[in-house]
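*Asks:* These are the residues of each chain, in order.
Number of protein chains: 2
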Amino acid sequence: MQTYNPITQEIVDKLKAITGPSYVKTDKDILVQYQTDYENDPQKFHMPEAAVLPANAEEISQIVKLANEYHFPITVRSAGTSLADGAIPVYGGLVLCMERLNKIIELNEEGMYLTAEAGVRTLDIQKEAKAHGLMYAGDPSSAESCMIGANLATNAGGLRAVRYGVTRNQVYSLEMVTPTGEIVECGGILKKCSTGYDLEQLIIGSEGTLGIITKVTVRLIPLPPYHFDVLAIYTDPRQALYMVPQLMKAGIDPTSVEYMDNSYVRDTADYCHYSDMPHYEDGIYVIITVETFREDELDTKMETVCNICEETGAVEVLEADDRIWNMRRNIQNSCELVSKVFLTDDVVVPVHKIAPTIEKIMEIGEDYPFQVKINAHIGDGNLHIVLCKVNMTDEEWAASVDKFHHQVYEYAYSVGGRLAGEHGIGAKKLQYMEEFTPSGELQVMKTIKRAMDPNNILNPGKLFNA
Amino acid sequence: MQTYNPITQEIVDKLKAITGPSYVKTDKDILVQYQTDYENDPQKFHMPEAAVLPANAEEISQIVKLANEYHFPITVRSAGTSLADGAIPVYGGLVLCMERLNKIIELNEEGMYLTAEAGVRTLDIQKEAKAHGLMYAGDPSSAESCMIGANLATNAGGLRAVRYGVTRNQVYSLEMVTPTGEIVECGGILKKCSTGYDLEQLIIGSEGTLGIITKVTVRLIPLPPYHFDVLAIYTDPRQALYMVPQLMKAGIDPTSVEYMDNSYVRDTADYCHYSDMPHYEDGIYVIITVETFREDELDTKMETVCNICEETGAVEVLEADDRIWNMRRNIQNSCELVSKVFLTDDVVVPVHKIAPTIEKIMEIGEDYPFQVKINAHIGDGNLHIVLCKVNMTDEEWAASVDKFHHQVYEYAYSVGGRLAGEHGIGAKKLQYMEEFTPSGELQVMKTIKRAMDPNNILNPGKLFNA
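The listed protein sequences correspond, in order, to chains A and B. Quick note on numbering: full-length UniProt numbering labels position 169 of the first sequence as 169, and the sequence is numbered without any gaps. Quick note on numbering: full-length UniProt numbering labels position 326 of the second sequence as 326, and the sequence is numbered without any gaps.
Simulated from the structure, these hints should not be mistaken for laboratory data. For glycine and all other residues, C-beta sits at the position ideal for the given N, C-alpha and C. The reader is advised that the hints may include incorrect statements.
[Stated by the list, open to error] Facing chain A, a subset of chain B residues (Cβ under 8 Å, in silico):
| hint | residue |
| --- | --- |
| 1 | K192 |
| 2 | T195 |
| 3 | K360 |
| 4 | I425 |
Extracted from the complex, chain A is given alone in its bound form:
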């Protein structure tokens, strides 16, 4: 178990000298907001000793150097929307908040890129791009509140990854403060590059353990003027799932392919107060979005999609209106109707394994006392399993969740899957990361972490035991 020094008054004074006194917090009433993120289980909460809200990379650099000098841990916090306990300061110490790095620096229409500080909300980047007739294609479900730097840190996925890829695929370059406090730029606005190690790709997805991302430049793409959303309703999950490979091979290039099991259809309809949803009782909803640059292309692609859905057994194929997307967006909220404590999980498998994986998980779930709910970005093999605690005791819950996860992860790894498709590992899955990652691969990760962060200052207790 790693140990650190406490944050003394001397350190607090030095922090205040760096950022100005009003940006260092030590008051328990204020710190309490930083003890969790989207984690809803109080057993997972941890209080930091202090929080700091720096203004820029230079201040962050000084803070990180201070942490190395006095040996206290830093946990980076963006909007606190992590579903993997990623923003929880599991070793106490200092929480470093990114919210003041909130400026969009440049949108270059000719070069089709946007540069922003790391604390800019993803939604604001999407809006800014759209205002210029362009698109930022990264689109995590939490886009309204999450911040772009954290999207990079977790390699956030989201709803449009089938066509556009994940956050990793949107990034040209980034600026970071290294674990020893240097400010380093990685990458460039380049479509090709073969000039040394691809550091930005190493940093993306490293969950703040290899550097604090302070600035990012993302690519913008032409905004397709046309789109349609189809809702295909199935009553047999296998038919819904086996539709995916047909769709992927048809050259349609869909933007989204979203799956909601029947429990979600019911709960999200109830949550949104929609009383007349089709097949409320027995329907599985698959939402397919296609975007095009030409209107006639839209018609022929829509026809192809509808045909594929009907041929694979959809009982109804409709245009998906705003209500459907509103239900999709409220998936997380709707779980609160079922249980105050629930656990959202994130697993990814090869796309052609998504059908047997969901079947297997449903089969595993039958042996457990909790309700198992599944929604999935089935176009990219990424599925979210929600377990609802309802009235179980803490002990029952902890033991059965762990047992369930072992069964699910063992299956996922057996078909080439991984622990997390888009939420990251955080503190939540650290033990599973240690257990399921092949030792050679894990060893290389640890070698890099130890070389870059010799004092283990940045985000300890996340990803793996460094």
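Based on these hints, arrange chain B on the given structure of chain A.
*Replies:* Leaving out everything else, chain B in the frame of chain A:
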């Protein structure tokens, strides 16, 4: 200057025990083939002390452990098509040849991926995919001879990167032997992943300095059934170059946008013995390829492309026939008509900076005694500058090449460019890498290299001074 131990008879015997005696070469007559790659300047050649042709990852693992034990350097060699002295054993030692790892292991149509040993030729992967109605989109100009593992090692680009991205974007996973001899798999057949560091992206483009790639799994995509190739001929290079942004914003999604200056039009036509090429005397050729999934889409896109070319000042817009592509493919060979020794360079800049960059290079070139020839993948900002030595003395040549490069690289970095878009740094540009890379970024690269390869065994003298 790093020093190593010589390869003694004891080491040779141990190598023979690993691979079988016929796969270890120490005969000078045989070793001479390994002293260079596509480098044509004998001053850059280096003889290895021995060469080994292992059969698989297990043998490579043992060889690498031996190198760590006896402290001799290993230079990995695939097809020897490097244009950056990447396969030259600059510290002598052992050349490790990948040619026996030449099996395609699996093509999975349902999962749309292909797994191959690292020494399989890229062309054979393209062919195998095509035979199944699929496409492997990586397409370096040297595809006929180069090997897939080396494509990863250099993050090879090529002709189709505008639409499909570079090698980095085609890879699902890889197996490597680490610098200390462990066999490690990185990545998975996953469209999303947020499960620890993205090691495969770190290894890709690391030019064999962080691991020897032994197996790769690449994505395959649906093969678009339709395509057209347009040849737009310009007489003013600026008009040709300023066409690119128009094309990129039109939602055409071109596969290739290739630029050949007039010297290349003449030399490649001469090389191919084509006597009646249009605008042989004054033409700049831009070749544009577009692929589609529907026939009617082909017609409308072709119309759009032709309109853009005509509006931007093309003097002729024709269908590009096989002869045009044959000329393009013989760019490198045609230089031999001009000069026995010539130097191929590779620079990348942001796409919207390609026009001023080419103008600037032509301007710089006017002050030098050698001929400057330029061809470019202008759709992704990647340009190749060839300098022809002709009758210059070695001293004149070395001094003026170095001065020219400094001017070009300074300009490229000033617009956000980098030293290499697709050829890598190799030994050829190591000094420039040390000079032009911002020190913070270079330091992080060296930290990783030293941690992963503490004895500096793999490909020393490449990329940077480790």
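*Asks:* Work down the list of hints and note, for each, if the structure agrees.
*Replies:* For each hint, the structure was consulted:
1. Below 8 Å, beta-carbon pairs count as interface contacts, and K192/B has one with chain A at about 4 Å; its hint therefore holds.
2. Against a cut-off of 8 Å between C-beta atoms, the interface hint on T195/B holds, since the closest Cβ of chain A lies about 4 Å away.
3. The interface hint given for K360/B is violated, since its Cβ lies 17 Å from the closest Cβ of chain A, which is over the 8 Å cut-off.
4. Hint status for I425/B relative to chain A: holds, with the closest Cβ pair at about 6 Å, below 8 Å.
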